[in-house]
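J.: Given next are the chains, with one letter for each unit.
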Amino acid sequence: MAFLTTFYAFLFYFAALVFVSGVLFKITQYARTPAPLKIPTTPAPTTTSGVVLRMMREVVLFESLFRGNKWTWIFGWMFHFGLLLVTLRHLRYFIEPVWFPIELVQPFGIYGGMAMIVGLTGLWARRFLVDRVRYISAPSDHLILALLVLIGISGLLMKFVFHSDIVEIKAFFMGLYAYDFQPLPSDPLLLLHLFLVALLLIIFPYSKLLHAPGLFFSPTRNQADNPREVRHIAPWAQQLEQK
Amino acid sequence: MAKATFLVPELTQYTEVPAVTPGAMAHSSPFVSKPDFQEPLGYPGELVEDWQNKAIDKMGELLGKYRSLQVYMDACVKCGACTDKCHYFLGTSDPKNMPVGRQDLMRKVYRRYFTVAGKLFPKLVGAEDFTKEVLDDWYSYFHQCSQCRRCSVFCPYGIDTAEISMAAREIMDCIGVGQKYCNEIIAKVYKVGNNLGLPGPALIDTLEGLEEDVFDETGVRVRYPIDQVGAEVLLVTPSADFFAEPHVDGLIGYGKMFHESGVTWTLSTQASEAANFGMFIGSYDNMRRISQRIREAAIKLKVKRIVFGECGHAWRVAYSFLNTLAGPWDFLDPRYPVPQHICEFTYDLIQQGKLTFDKSENDDKVMTFHDSCNVARASRMGDTPGGQFEIPRAIIRATCNHFYDMDEDTIRDRTFCCGGGGGLLTDDLMELRVKGAKPRMDALNNVIQEKGVTHMAAICAICKTQFSKVLPYYGMDMSQIISLHQLVGDAIVLTPDPEDADDDDSDDDDD
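Order-wise, the sequence lines are chains A and B. The first sequence maps to residues 1 to 243 in this note's numbering. The second sequence maps to residues 1001 to 1511 in this note's numbering.
In case anyone wonders, no lab produced these hints; they're calculated from the structure. It should be emphasised that the depicted structure is a prediction, and the values quoted were computed from it without experimental measurement. Glycine included, C-beta positions come from ideal geometry on N, C-alpha and C. Take the hints with a grain of salt, since some may be wrong.
Unchecked claim - The calculated lysine to any residue pairs, modelled on SDA-like cross-linking and capped at a C-alpha distance of 20 Å, are: (1) 1119/B x 22/A; (2) 1058/B x 236/A; (3) 1108/B x 137/A; (4) 26/A x 1120/B; (5) 170/A x 160/A; (6) 1108/B x 203/A; (7) 1188/B x 1199/B; (8) 159/A x 87/A; (9) 1108/B x 143/A; (10) 1180/B x 1035/B; (11) 1302/B x 1332/B.
As the list claims (entries may be wrong) - A short, non-exhaustive set of chain A residues, derived as facing chain B with CB atoms under 8 Å: (12) 35; (13) 36; (14) 37; (15) 39; (16) 46; (17) 68; (18) 130; (19) 131; (20) 132; (21) 133; (22) 139; (23) 210; (24) 214; (25) 218; (26) 225; (27) 236.
What the hints assert, rightly or not - DEER-style ranges, computed between Cβ atoms: (28) 20/A x 1010/B: 50 to 60 Å; (29) 1123/B x 236/A: 29 to 39 Å; (30) 1046/B x 216/A: 35 to 45 Å; (31) 1299/B x 139/A: 53 to 63 Å.
Using the sequences and the accompanying hints, generate a full structural model.
T.: Right under this line is the structure:
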């Protein structure tokens, strides 16, 4: 009992550390790598505010994917929007008092969990049914889907079938902020759910999940189309001019 | 119908997505560059010893120099949105011609040498050592990408396979595995000044011949000046324009248009080439060196504006990169963007009412327009996004009575590459070029059948050359592809100079 609590406490400290430092490292790397040439995919906005709008459409609506493939868009968007609602719902375990908007979102978080599973199932089905997508799928692509599906199913099962003591769960996580280990309920489903979430945090900076920060740094999407008006030059290219 | 040693695809009403056929194009590979063509570009003549380590080092260097490459190696989630977007996949069904399939050729090496997951669990994440087999695959398939960026339009993260194939070619060049076609041409630009290797005297001769032809045909003395110091506009155009049909009809059109504009202009023997194959091989250094010729020519000729002729990738380098590579342009007239596209120039004159057209001169043609990939997805014309689509169409509508667009899915930013871009316009890749043209040929065939279209205009020397060669494979005629400015030249109503009638030699003293 005490062992489990301690194990999970350290697991989450470790996962949080890997996640935060790993993602910060990648973001720093992306930010510090210069983009030496203007390569926005045109037609592109000519101003910074236009670029912000384009980026918001990509992040919120998955605009390019919508143009690219409707099935992938519908399943992908369901999954991501569901994940957002689920994440917001789960915030109640990590804050005290619970903010009003988070209270409001609680019921929608459940629908979000269902949408997540449906979306993931659709995306996974494409990896088997569409020969082109089957060809490009590596084992890790299947495993990440499996991981997310298991997280979703174990979560929904706890909501609807095998309830856990959520007051104790909240006490456990609130305790982690102060290095004060409160006992974690030992329901197998909960332990599985938490273990997989920690695993997801750990692999995040080392996997394709980097698409999340990556999008913001994609030069074809985040550059303004103004090369004739503003001279764009990278530091390493500037050095060539001194020769 | 041209004879083919391979199966030419059957045209279909809609371009269908084929089932994947692994290895279908594994045999396609362009001629390898000889040492003579490698060294002028600063590359080793042949495969170096210890090539594997040198290639990995180079990849590391490029990952640190290009954010695009670093982000695109990491970000792909294998969603599959790009898999049915590449014309080479649609035409060949080889899965390594799916954009993600092509990217993965580099990504598996990246993962093996630059990521924790790939070092620890290569099989799990699809990481692989950089073996000779992988290098051979690189050479084959990174020369089956025309860098047209169609995939980047549909990718949720904007991953641009062109960036990856450019980096791959740069890495291969640095270990001595270059492509003959591109590198021979760049060496020719350094030695002679243009891709076709036309020396100055030959250019001057050609232009004099053009002046005579136009005079004979129209009775108006239209000038085709070269190396004329103090002209207002320096025109930089692909050397194909000096040389062959249908390109030269475009050049004739530029001259007539300038004649009517009253703006003095000149070509340059030094910058007698708009093309910049440095981009195709992903070499910033070579691209910059080629661009500098234009700066030098502009200074030497004391021009005030720079205008580019019809050339797709040249316009990308000009519009998007020239300010970076050869700017700043503070010695030119600040009232005009630098550089300008010939279509922007012509369009402005049309807007100002300075050109008069007799559209009936083009009544023998029912036109459609092919958006060239680099113009469509990597540049702009005019002040507003999308001007690169509207301005050429406005010129066609101003000069022709009959114009129909092809299917919306195959034009504007969803346009299909002609099949010969990105440094692949070489006879040793004929099978790839013919098969890669299929999506465009399908769409063209549709408007031919449904709208009675007879001709397709383009604003790219590579597109025009490619279509002249490929149209006959699909049972069409090579003369069906024309320059946009041929339409301008044919419909324009010329104003004779008062001197034209009496004395041919009166203006010979200004050169």
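J.: If a hint holds in the structure, say so; if it does not, say that too.
T.: Hints, verified against the model:
1. Between residue 1119/B and residue 22/A the CA atoms are separated by roughly 17 Å; this keeps the pair inside 20 Å, and the hint holds.
2. For the suggested pair residue 1058/B and residue 236/A, the alpha carbons sit about 15 Å apart, so the restraint of at most 20 Å is met.
3. For the suggested pair residue 1108/B and residue 137/A, the alpha carbons sit about 13 Å apart, so the restraint of at most 20 Å is met.
4. Under the criterion of a C-alpha separation no larger than 20 Å, the hint pairing residue 26/A with residue 1120/B is consistent with the structure, at around 19 Å.
5. At most 20 Å may separate the alpha-carbon atoms for a hinted pair to count; residue 170/A and residue 160/A meet this at roughly 19 Å.
6. For the given pair, residue 1108/B sits about 18 Å from residue 203/A by alpha-carbon distance, which is consistent with the 20 Å threshold.
7. This hinted pair checks out: residue 1188/B and residue 1199/B have alpha carbons roughly 10 Å apart, not beyond 20 Å.
8. For the suggested pair residue 159/A and residue 87/A, the alpha carbons sit about 15 Å apart, so the restraint of at most 20 Å is met.
9. Taking the CA atoms of residue 1108/B and residue 143/A, the gap is about 18 Å. The hint holds against a cut of 20 Å.
10. For a cut-off of 20 Å, the pair hint linking residue 1180/B to residue 1035/B stands: about 10 Å separates their Cα positions.
11. The straight-line distance between the Cα atoms of residue 1302/B and residue 1332/B is roughly 9 Å, inside the 20 Å bound, and the hint therefore holds.
12. The criterion of a C-beta within 8 Å of any C-beta in chain B is met by residue 35/A, whose closest approach is roughly 4 Å, and the hint holds.
13. Proximity of residue 36/A to chain B holds as hinted, the smallest CB-CB distance being about 7 Å (cut-off 8 Å).
14. Hint status for residue 37/A relative to chain B: holds, with the closest Cβ pair at about 6 Å, below 8 Å.
15. Here the hint on residue 39/A is kept, as its CB sits about 6 Å from the closest CB of chain B, short of 8 Å.
16. Annotation: interface hint on residue 46/A holds; nearest CB of chain B at approximately 6 Å, less than 8 Å.
17. Here the hint on residue 68/A is kept, as its CB sits about 3 Å from the closest CB of chain B, short of 8 Å.
18. Satisfaction of the interface hint for residue 130/A is found here, the shortest Cβ-Cβ separation to chain B being roughly 6 Å, below the 8 Å cut-off.
19. Look at residue 131/A: its Cβ gets to within about 5 Å of chain B, closer than 8 Å, so that hint holds up.
20. Of the supplied interface hints, the one on residue 132/A holds, with its beta-carbon coming within about 4 Å of a beta-carbon of chain B, less than 8 Å.
21. Interface restraint check: residue 133/A against chain B, minimum CB-CB distance 4 Å, threshold 8 Å, status holds.
22. Hint on residue 139/A holds. Least Cβ distance to chain B is approximately 5 Å, under the 8 Å limit.
23. With 8 Å as the threshold, the beta carbon of residue 210/A comes within range of chain B, its nearest partner Cβ sitting at about 4 Å, so the hint holds.
24. For the restraint placing residue 214/A at the interface with chain B, the shortest Cβ-Cβ distance is roughly 3 Å, inside the 8 Å limit, so the hint holds.
25. Evaluation of the residue 218/A hint against chain B yields a held restraint, the C-beta minimum of about 4 Å falling below 8 Å.
26. Look at residue 225/A: its Cβ gets to within about 6 Å of chain B, closer than 8 Å, so that hint holds up.
27. About 6 Å separates the beta-carbon of residue 236/A from the nearest beta-carbon of chain B, less than 8 Å, and the hint is met.
28. The hinted window of 50 to 60 Å between residue 20/A and residue 1010/B holds, with their beta carbons roughly 56 Å apart.
29. Taking 29 to 39 Å as the suggested C-beta distance range, the pair residue 1123/B and residue 236/A conforms, at roughly 36 Å.
30. Checked against the hint of 35 to 45 Å, the pair residue 1046/B and residue 216/A passes, with Cβ atoms roughly 42 Å apart.
31. Here the CB-CB span from residue 1299/B to residue 139/A is close to 58 Å, well matched to the stated 53 to 63 Å.
Of the numbered hints given earlier, the model fails none.
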